[in-house]
Structures are given as C-alpha cells and as structure tokens.
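Asks: Following the hints, complete the assembly by docking chain B onto the known chain A.
2 protein chains.
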Amino acid sequence: MRLSRYFLPVLKENPAEAQIVSHRYMLRAGMIKQQSAGIYSWLPLGLRVLNRIQEIVHQEQVRAGHIPLLMPTLQPADLWRESGRYDDYGQEMLRIKDRQGREMLYGPTNEEMITDIFRAHVNSYKDLPLTLYHIQWKFRDEMRPRFGVMRGREFLMKDGYNFDVDRDAALHAYNRHMVSYLRTYERMGLTAIPMRAASGPIGGDNTHEFLVLAQTGESEVFYDDRVTALKLGSREVDYDDRAEVAGVCAEFTTLYARTDETHDAGLFEQIPEEHRKVGRGIEVGQIFYFGTKYSEAMGAVVTNDKGEKVPVEMGSHGIGVSRLLGAIIEANHDDKGIIWPEGVTPFPVGIVNLKQGDAAADAACASLEKALLAKGLEPLYDDRDERAGAKFATMDLVGLPWRITVGPRGLANGVVELTSRRTGVSEELTPEAAVERIAEIYAGR
Amino acid sequence: MRLSRYFLPVLKENPAEAQIVSHRYMLRAGMIKQQSAGIYSWLPLGLRVLNRIQEIVHQEQVRAGHIPLLMPTLQPADLWRESGRYDDYGQEMLRIKDRQGREMLYGPTNEEMITDIFRAHVNSYKDLPLTLYHIQWKFRDEMRPRFGVMRGREFLMKDGYNFDVDRDAALHAYNRHMVSYLRTYERMGLTAIPMRAASGPIGGDNTHEFLVLAQTGESEVFYDDRVTALKLGSREVDYDDRAEVAGVCAEFTTLYARTDETHDAGLFEQIPEEHRKVGRGIEVGQIFYFGTKYSEAMGAVVTNDKGEKVPVEMGSHGIGVSRLLGAIIEANHDDKGIIWPEGVTPFPVGIVNLKQGDAAADAACASLEKALLAKGLEPLYDDRDERAGAKFATMDLVGLPWRITVGPRGLANGVVELTSRRTGVSEELTPEAAVERIAEIYAGR
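Residue numbers (the working numbering), protein chains in the order written: chain A, 156 to 600; chain B, 156 to 600.
It is worth saying that the hints were derived from the structure and are not from the lab. Fair warning: this is a prediction, and the values are worked out from it, not measured in the lab. Glycine is no exception: its CB is placed at the ideal position from the N, C-alpha and C atoms. Watch out, some of these pointers could steer you wrong.
[Claimed, not checked] To give an idea of the chain A side of the interface with chain B (calculated C-beta under 7 Å), a few residues:
#1 164
#2 168
#3 189
#4 191
#5 196
#6 198
#7 272
Pulled out of the complex, with its shape left as it was, chain A reads as follows (with noise of 0.2 Å):
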C-alpha cells in the first residue's frame, strides 16, 4: 500500500479526551475515530489489525475442533425471558422496540440464542461433543464507557459455547478452550496468564480469566511471577487428548494467579518472597463452565448412550477481539508510539523512501515493494513528498515491526537500511537480502 493513496488521517497533537497510552496511540495512529460514546469507527489501520486478530482467534478455535457460525445482532427478548435473564440484566442491556411494538435488544452475549439453535437441530449424544462459535459485534450500555476501545459500547467478541453430554466432557471442553486460548494469546506477542475468577451466583469453580500484566489494567492481581515466564511455544497438542489437555492446563493454572475477587492472602503468602508480585492487568478473556443453568432452562435435552433424556452440559468462552487492540498497544508502545508484535501487524513492514522522487530511490522502493507483495508480504510504502523526520515518526508512531530505509546514498553502495521498531537496531544489507530476511521472520505467521 502506497501511503500517498492511502486513508491514514494520522494526529499530531494529543487528543485531550485520550487518558491511556493506546487510546492516545489508536487515535493518532489514525486507527480508529469516534462516532459516539463508546462507539468507534475503524479507520484502514485499525481495521486491518482488527482482522488480523480475528483471523488468529479463527485460526485457533477451527484447530481445537469448534465450529463457526454467526449469530444475529439483535435477539428477540422472548428468548431471554426464558432463562429468566430479560429482567436480570439491568441498563447494560440496550432494550429496542420495532415498528411492531416487538421486543428485543442488542445482543450482549449469546447463551439464549445458541441454546435456542441448538434444542431445534440436536437431540441425540451421537451428534455430541459440539462448539460452536462466533465472532460478532456486541453492545453493552456502559455507564461510562473510556479507555476508547478497551471499554466501548459497541465492542467485538468471540464467544463460543460447548454442548456436552456429561460433567466430564464438559470439562474436557472446558480446558480445550483453555489451551487454544493460551496459543491464541501468545500468537498475538501476548503473555495472557489464566487467574481463577468468581463464578458469581451459578457457583463452582470452573472459570478463568485471562489477564494481560499492564499497569493500567483495571484489575488488581497477585501472582507467582515464575508464571509469566510459562510459553506453550510451538508444540502440538492433539485437542482430542484429554489427559494431555488436561495436562497443559495444570502446567499453566498450578502456580498462584489471581485477581482480587478470589484472591487469597493465606496461599498467597506461601509463595517464596521473591516470586510474589502485586500488579495490575487488563482482562482479554473468559472461559466458565456452567452446567445445565441454559439447558434445563429452555429445555435443551439430549439422549444419552442409556436412552435417558438428560439437559445438555453446557459453558460459555469469550475472546474480547476489540479489546484486544488496546491491550496489545499497553504491553507494546514506547514514547514514540505503537510497537506491534509481528503476529498483528497491520503491514508487516514499512518503507521509507528517503528522497522521493530521485529516480534510482523510487525504482529501488517500487522494486522492494513488488519483491514483498511477491511474497505475500504487504508493505506500507511512504511514497509522499515529505522530508524524512516525518516519514520517520510516522513510521514510529504506526508502530510497524520493521523498517526499510532507501536513500541515494546507500544505494549508490548497493545497500538498504533494515532497522527494528521494537530494538531501535539498524543494519545495512541489500534489498534482495532484506527482504528475505523480512521473508523469513514472517514465514511462521
């Protein structure tokens, strides 16, 4: 993409109402603008980050075996008052009336529509274990909606929901989610530690949230800091093996992590002094094993292998993608800007033409341009008649993880300049070996 035919509306002061570092960055970076409280528009670069995650949450979930399918905007309130939930829910839910006087609301979650959609298609334990997912957008009438997109009105979430036919099962899904959220995570340069939460009045224990360390995280937490340094890396993990699910949710949930609403002083202070730390994190996800709270409600029975009809084990699973975004750029930024993680980049590199249009700078940035689209790799080329601090702090604030500098002087040595966002280190090599470098940071994406 050439920036000179591209929409990055970039901003050169601070806006005033931005009182975190990614509000502030996604704003100036031409990322995302607001339409209204809590709700934003995506701009170009916002949106391509956006997709990129979703893209990796897809990635992750059709891997352990769930299945996509997308649910409507708006539900019906009948359907809620059947779990009891139309008026539980309190002035978070955006209440609507159509032009028949019909109730209904703007999806807040999903559990009633995806329990509806199963009780009409399932019936049988032989068409057991399911998961089904998707990723749309969600609107919660904030009281006060701030943090730009880490807490909007209008936000996008995954949510995906299991259908079991027994406790086990159930747990087995349960823990499913767990690892394919920890990859998911970790695709995206995050390090997203699973903390016991409170699984308010339905009871039990079987809820995580996963919490980003950041210090303007809006949670308190105490953790066993041996627990930041867990990675499931690049091994594979058959999602059909409970034992071995099983096994990498205890590698991840056996040292202490919790946020203050289960948080325990006693086994909090068995830590070794050294290891114990008190932060703060921002939460990008949720999973929870409720049981039969949805389908005993509304009726979701399946036959079991004794011909019994037994309420369907359920649990629900969310990913806040949007939010997802600021959280990214409060573990990744400097004063300069946005350092993205090379998994959620929007280009995965840009170029810098130092004299543009000097006719051997502009042949060697088109050059370079079309050697990365060969390879799938989109860059953002700074095409513009701007003089190069500009172009520089540009590039700095969007935050892309790598750099190509092209100038006269260089080229007339037969060398680029390949430099590092995140290190500030620069080096010099030729364009045909900067872009099999940029080639192979990227081939594991």
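Replies: Quick look at chain B alone, frame taken from chain A:
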C-alpha cells in the same frame, strides 16, 4: 471437514414458511435459522458461503483501489439530523434510545457517517481521489420481511463512498464501481445486468441497479437479450485509466436494459423483436452518483488546485451481500437442491464413502481428504454410517459442485467416481487424478 463432527442440520421436510426456492433450500440445507421476523442466524454452512462472497467483494474492491474500513452498526441521530434524513426516513429506520436517553439508530446505510469521517480528516484535493467502503450489518425495519435473506431486516451490505474533487473524477469513480461490480458478480457465477435506475428526488441519471434474471425477482425488467451474453471475462482493466474504464461501462450499458421504474416503451420497441425480452430480476447492487448532496449539507469541503473551497463530489455504491446468497440459489438449483457455482461454494468438493467401516474405503477417503487439504481445498467428507442414498441426497441438497464417490468395488479397480453436480455426469479415475482434476478446476478461483 468430516460430517460426523460438523453441524449441518439438514431438514427432510419442506418448511411451510418458505415461499421461494432459495429460502426453502437455505433452511433445508441447514444454512440459516430464523431467530425473529427477518433476522437470521447463519449456521456453519451458510456462513461459509457468506464469507466466500465477502472475500470476493473485498478482493475486487481492493483491486479497484478502494480502501476498507468499518463503521459501527449504531449511529447517533444527530448525524442524520444534519442531512435532514432523520425525519424523512420513516418507519424503516430502527430508532433506539440508550440509557442516557440519547437518540440513536441502527444504520440502514452510511452516507452521513462516512461524510463525517471525511470532513474530520480530509481538506485538500491532494488527498483525493478517495473511495472508502465497508461490509457491515445493516437494519431496515421492513413492514413485511419475507423470502428469507432476500428481504431480511438485519442484513449484510457492502457500501462504498467515493470522494472526488470534481464531477469528472466522480464519474470516473462511478464507472470504476460499475466495472468492479461486474467482475464481482461474474466471479460468483452470476450474470448481473446493469440497468438504468430511477434516481429519485435527487435527480440526475447516474445510477444503475444490477439485476440477476430470475422468475422470483421482485422487479419487472425489459431488455435486449444480447445483454446477457456480455462478459468481462479475464481481461485486465487499468482502473486508473478513465477512458478504458468508461469504455467497459459503455459496452455493458448501451444495449437496452431497464426496470419498470425507468422503462421507455418507445426505446424498447426499437429492439429487434427476436431480442426483445420481458422478465423478472433480483436487485443485487446499485451504484449512485449524487454529487454534493451530503457534502453541502454537512460541510465536507476540500481546497481545489486553485485554492478554492468546494464541497466534495460523492457517490454511494452498494452490494447486497447476504441477499446474494438467495439470488445465487434462485439462479442455480434443480429439484434436488442447490448447485453452487465454484466461486462461492462452501466446500470445493464432497467425498462420499459408500461403505463406512470398510478398511479400504475409509483409508482411501482419508487419503483423498489429506491430498485435497494439502492443496488448500477442504473437502466435506460424509463419513457417517448412513446408506449411500441418504448420503447422495444430502450432497445434492447441499449442492457442492463436485462429488468424489468412494466404494470397495471401484477401489478394487483402482478408481473412484467424480461427479459434476450441475451436469450429473460421472467419470471413473484414479484418486490421484481426481485430486488433480479438482485442483485444476479451482486453480483460478
């Protein structure tokens, strides 16, 4: 995907509520489920087609140089007061009040919001031409939602908006949209004819609707049938070349083709009688040059190359993404089910195992599946323990363009059967040759 692990709730009976064939088959093939009048869940198979259609739309928009962003579903009423449409729009607009009593609406279209984004960030002709588009859920509170996704209330639309410094540039953007739309529909296996449309109160004759001929179409159409033979084919069009793009448009709009709204009996009579046709059509898109209607009302001005401030010239251009599924099925089916064009099929090929549990048949199917996956062609493998007749009926209903049938008898001779859903013609060939054939068919997809 193995059918035993998929969620494909096929219906044996014809649903009583479906009046037209596309609605009937989408319900029977487990593609959609109605959640409320005119509001649907997209079940896994339906979502695959919807995604495929979105992908084609995106690719052709990007090829034309248009830039994707994403605007939210909810919009503030004040924005629509600026254009005067908040009061004009009538009951099809779903009006909403949030917890603070602020007036909002579920966007039926986005002229106001995109103009708002433009005026906030662009003020010079140097940043033009610019065309921004998105694919987002819309809501129109139809009095009588019907025909499934053909006239739903919550529906998915691609809407794009061009911004240009003068009328000539804007007309080029209009033409660019026409060509990109022609290519989009052709890739979906559709013949969509651009027909001069009524422009309504705004005036001007620069608006065309794209209609797919079908007996169940809502519009009466009058046309010279030589128009149906026009094809863009694989020719390369330089979207920056005004004359070339205009030439393609002239080619597709010179022969008479109009809806009843713009029909001119005198002109129609001049068509040679053997080519003069009256039929019905489904509208699947519209392009519209409207000039400065919104930019004047909302103060979206740019400085031109003479330093004068002028309201920006605009147009809006839409494709009915979710509606296209219905249109494609109306144009591609028989009495056994859907017949997907290769461009949009949910799976490129189906595998039917005639004798599940037979070691040789199971192994051959698994190996076919693996070979197809290695080529990026995910098959739908019917691995259920069902009789052959039921498997064939499901495959015919679901409508994958190609089916590979695997049975012990053929395998004894080293062959499988490859069948075209459209022609019904079968051919015996080795499994390796079948994979190669499928790969060739989809090579250009």
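Asks: Find the hints from earlier in the document that the structure breaks and name them by number, from lowest to highest.
Replies: Hint check: 2, 3 fail, others pass.
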